[in-house]
Amino acid sequence: MKLLSIELENFRPYGGRHRLSFAQESGHNVTLVYGTNGGGKTTLLNAFTWALYGKLSSDVEQQERLINNRVWQDAPVGSQIEMSVEAEFEHEGRVYTARRHLMAEKQGPDQKLPKPQLTLRERDDKGFTRELRSAQGHIDKILPERLSRFFFVNGERIEQLVRKEAYAEIQHAIKTLLGLEQLERALKHLPLAANKLRHQLKSKGADGEQAGRLTGEIDAILKETEEKKQEKESLRTEVQHLKDEIDLLSARLKTLDGAKQLQQERERLEQERESVHASLRKLEDDRARVLAGSGYLAFLPELPQQIIAACDALREKGQLPAPLKRTFIEDLLTEGACICGTHLPKGSLERAALETWRARAGLAEVEAAWNQLRGNVATLEERRSTVLERLFDADRLIGEASDKERSLVEQLNEVSIELKKLPQEDINAIEVNRGKLIDRLSETSRRLGGIDEHLELLAAQKKQKEEQVDKLQVKDENNQRIQRRITVIRDTENALRQILELLSDSIRRRLDTRIRDLFKQASLKNYEPELTGDFQLEYWERVGGETMPAPKSTGENMLLSLSFVGAIAQECRDAATNTNPFFGGVGGEYPVVMDAVFGNLDDDYRRQIAKFLPEMTSQVVVLSSKAQADGVAEEALAQRIGKQYIITTHTTKSDLVDVTEKISVDGRDYPYQVVGSSFDGAEITEVTA
Amino acid sequence: MSDQDEREIVGRIYAELSNEAKRLVVDVLTLEKESLHLKDTAAARTVSDQIIRKVEGIVK
Numbered sequence: 001m002k003l004l005s006i007e008l009e010n011f012r013p014y015g016g017r018h019r020l021s022f023a024q025e026s027g028h029n030v031t032l033v034y035g036t037n038g039g040g041k042t043t044l045l046n047a048f049t050w051a052l053y054g055k056l057s058s059d060v061e062q063q064e065r066l067i068n069n070r071v072w073q074d075a076p077v078g079s080q081i082e083m084s085v086e087a088e089f090e091h092e093g094r095v096y097t098a099r100r101h102l103m104a105e106k107q108g109p110d111q112k113l114p115k116p117q118l119t120l121r122e123r124d125d126k127g128f129t130r131e132l133r134s135a136q137g138h139i140d141k142i143l144p145e146r147l148s149r150f151f152f153v154n155g156e157r158i159e160q161l162v163r164k165e166a167y168a169e170i171q172h173a174i175k176t177l178l179g180l181e182q183l184e185r186a187l188k189h190l191p192l193a194a195n196k197l198r199h200q201l202k203s204k205g206a207d208g209e210q211a212g213r214l215t216g217e218i219d220a221i222l223k224e225t226e227e228k229k230q231e232k233e234s235l236r237t238e239v240q241h242l243k244d245e246i247d248l249l250s251a252r253l254k255t256l257d258g259a260k261q262l263q264q265e266r267e268r269l270e271q272e273r274e275s276v277h278a279s280l281r282k283l284e285d286d287r288a289r290v291l292a293g294s295g296y297l298a299f300l301p302e303l304p305q306q307i308i309a310a311c312d313a314l315r316e317k318g319q320l321p322a323p324l325k326r327t328f329i330e331d332l333l334t335e336g337a338c339i340c341g342t343h344l345p346k347g348s349l350e351r352a353a354l355e356t357w358r359a360r361a362g363l364a365e366v367e368a369a370w371n372q373l374r375g376n377v378a379t380l381e382e383r384r385s386t387v388l389e390r391l392f393d394a395d396r397l398i399g400e401a402s403d404k405e406r407s408l409v410e411q412l413n414e415v416s417i418e419l420k421k422l423p424q425e426d427i428n429a430i431e432v433n434r435g436k437l438i439d440r441l442s443e444t445s446r447r448l449g450g451i452d453e454h455l456e457l458l459a460a461q462k463k464q465k466e467e468q469v470d471k472l473q474v475k476d477e478n479n480q481r482i483q484r485r486i487t488v489i490r491d492t493e494n495a496l497r498q499i500l501e502l503l504s505d506s507i508r509r510r511l512d513t514r515i516r517d518l519f520k521q522a523s524l525k526n527y528e529p530e531l532t533g534d535f536q537l538e539y540w541e542r543v544g545g546e547t548m549p550a551p552k553s554t555g556e557n558m559l560l561s562l563s564f565v566g567a568i569a570q571e572c573r574d575a576a577t578n579t580n581p582f583f584g585g586v587g588g589e590y591p592v593v594m595d596a597v598f599g600n601l602d603d604d605y606r607r608q609i610a611k612f613l614p615e616m617t618s619q620v621v622v623l624s625s626k627a628q629a630d631g632v633a634e635e636a637l638a639q640r641i642g643k644q645y646i647i648t649t650h651t652t653k654s655d656l657v658d659v660t661e662k663i664s665v666d667g668r669d670y671p672y673q674v675v676g677s678s679f680d681g682a683e684i685t686e687v688t689a
Numbered sequence: 001m002s003d004q005d006e007r008e009i010v011g012r013i014y015a016e017l018s019n020e021a022k023r024l025v026v027d028v029l030t031l032e033k034e035s036l037h038l039k040d041t042a043a044a045r046t047v048s049d050q051i052i053r054k055v056e057g058i059v060k
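Just so you know, the sequences run in chain order L and C. For the first sequence, this note's numbering assigns the number 1 to the initial residue and increments by one for each residue that follows. For the second sequence, this note's numbering assigns the number 1 to the initial residue and increments by one for each residue that follows.
You may find that some hints are simply not true.
Unchecked claim - Using 25 Å as the maximum straight-line C-alpha spacing, the simulated DSS-like pairs for lysine-lysine come out as follows:
id : chain 1 : residue 1 : chain 2 : residue 2
1  : L       : Lys164    : L       : Lys260
2  : L       : Lys254    : C       : Lys39
3  : L       : Lys115    : C       : Lys39
4  : L       : Lys196    : C       : Lys39
5  : C       : Lys39     : L       : Lys55
6  : C       : Lys39     : L       : Lys232
7  : C       : Lys39     : L       : Lys188
8  : C       : Lys33     : L       : Lys141
9  : C       : Lys39     : L       : Lys141
10 : L       : Lys223    : C       : Lys33
11 : L       : Lys626    : L       : Lys662
12 : L       : Lys229    : C       : Lys33
13 : L       : Lys196    : C       : Lys33
14 : L       : Lys196    : L       : Lys229
15 : L       : Lys223    : C       : Lys39
16 : C       : Lys33     : L       : Lys164
17 : C       : Lys39     : L       : Lys229
18 : L       : Lys232    : L       : Lys243
19 : L       : Lys55     : C       : Lys60
20 : L       : Lys463    : L       : Lys232
21 : L       : Lys196    : C       : Lys60
22 : L       : Lys188    : C       : Lys33
What the hints contain is simulated information worked out from the structure, not anything from laboratory work.
Take these sequences, add in the hints, and give me the full structure.
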């Protein structure tokens, strides 16, 4: 998607028609739009998302007042007023014009507006134009709404991608990117279809009552599973939100005199505790493995000796089992007859053969059996001693680690008490609040663990009941057919589940690599970024040989978030040449439109971001106040700027002082704010050479 | 894991399916793609019914 132009007609502060066309050349791919705070930049950003998706961001006030106030006021009651936003863009060799518009009749001061209409026209490479049916569907295929928030960005909020809470947004973006939504939805719908088929088994009379009961129970399990999954998602978000809040309070404490050192000490103790806790878990796991494999030996203290004593007694009596007993052969010789009926007269060959057997019988075999048994019993004792030794060692180490962890917890509590004792009220309040958040985090995590267990239980119950239904006597052909259909659905579900897991994780790893590369180019610090397995954006620093969480800063957060957006854009670009025919997904070049990207950052970060933006993707539209872009950012962007515009803000207020009425761009002055104007609103002017 | 490995594993999972399940995979993904605009509840009802029609057509 390459943005060609946007035209606004009577949209919010923009009365009349205003058109911007965008820089597209690869060396000059930046369009810079200047506008004062509250002057219409955010509205311009929202014009894109409104035209494409009919949505305004939540920070836009009075969303129902879409038509320009002045135009509405000036229009006589009963007249028709038109409002529209038209976005023209190119995608895969075709030019599209998306126009969302409405025509409203003025009935009074309130804007009672009809539902806006969307049209989408497509012009092919030969210049033929046609209007497309299902306009929204087409736009969603080109750039799904879920992904658009990363390309039409409010700079003040993009930084929040680094918050733990943003994991869901990131995860969704990744799945949309690869077209995995339909896979996810299929995994919800296939089990429902399978169980609907099981209901048919009941109606066909296959073990009727039992099948009916079981399928009803499976329905209930599926419903409960879905509810629990939603509850889990909401608790997971809450956990991440609480962690973010705790991080914020911890960071705040570090900025306050008196609390700073204690907070640093707490962070050191927390890291040590995490490390001790990890060792403790490992030791406990090792002990569990020893117990599972050889634990029974610990409960046999007397047995080896008892076995040896019993065997000694048997050996002395010659009663140890052997393949052939001497007494048995002697009995046959005394009786003079073999068990097969052959007579055994003295001097006969048969008797001589049996006498030879008597000489060999028992002794060697008994000795061999005895030696084998004795050896086994001796090993048993040795193995038992080794296991006991390992268990005692493990107990000792676990005890030491537990003591260490307990001591660290006590020290952490002492730090908290010290902080609360500090005379400054704000420190005390922050610490009390932090403690409450930690309690809530602990409780929420516990509930989350409970839901996980419950979900496992539900999955096991579902499997068991499905197996029960499968085992029901299926006598007639019709029921056998239904069961074959259920099997096909189940095989399909299993395959799609494996594929979803594989693809979700591999795209996360690909993005992680891209983020690392981009962040390395952009960051001012030697931090290592990571898109974690939990879909969180983190960065780390190496201290000594250890990797620890790096201190968060707005500048680095911004650069990491932009690296993520850049990585998404790169992934889309590569997907265009390497499409997945199986699932579709999104592919192509995408622009980034970014409002307030320079925020209140210091010069180093503004320069760095200005250098980074044109490299992120093929086309960038930057909306900024003159003050925020002034100096270093403008200098860094200068070589890449292809188009520039000024949003001039008009206000009827006339008693304003210290207002920037003009700004100078490329050596020419342009009106920036018009105080005491005849109207409130905004106008757009192109900067010309 | 490289993109090539990933494709091979996906291909293997697909290849191990019965012909009926292979057809259902394609049908279900197409159905879901066409129903992405539906809200959860409506999709659950409509798509699961359509899956049944599809599997009835495959396993006769």
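Here is how each hint holds up against the structure:
no.	hint	result
1	Lys164/L to Lys260/L	holds, 24 Å
2	Lys254/L to Lys39/C	violated, 46 Å
3	Lys115/L to Lys39/C	holds, 20 Å
4	Lys196/L to Lys39/C	holds, 20 Å
5	Lys39/C to Lys55/L	holds, 17 Å
6	Lys39/C to Lys232/L	holds, 20 Å
7	Lys39/C to Lys188/L	holds, 13 Å
8	Lys33/C to Lys141/L	holds, 10 Å
9	Lys39/C to Lys141/L	holds, 17 Å
10	Lys223/L to Lys33/C	holds, 23 Å
11	Lys626/L to Lys662/L	holds, 10 Å
12	Lys229/L to Lys33/C	holds, 23 Å
13	Lys196/L to Lys33/C	holds, 22 Å
14	Lys196/L to Lys229/L	holds, 21 Å
15	Lys223/L to Lys39/C	holds, 17 Å
16	Lys33/C to Lys164/L	violated, 30 Å
17	Lys39/C to Lys229/L	holds, 17 Å
18	Lys232/L to Lys243/L	holds, 16 Å
19	Lys55/L to Lys60/C	violated, 46 Å
20	Lys463/L to Lys232/L	holds, 21 Å
21	Lys196/L to Lys60/C	holds, 17 Å
22	Lys188/L to Lys33/C	holds, 14 Å
When each numbered hint is compared with the structure, violations occur for hints 2, 16, 19.
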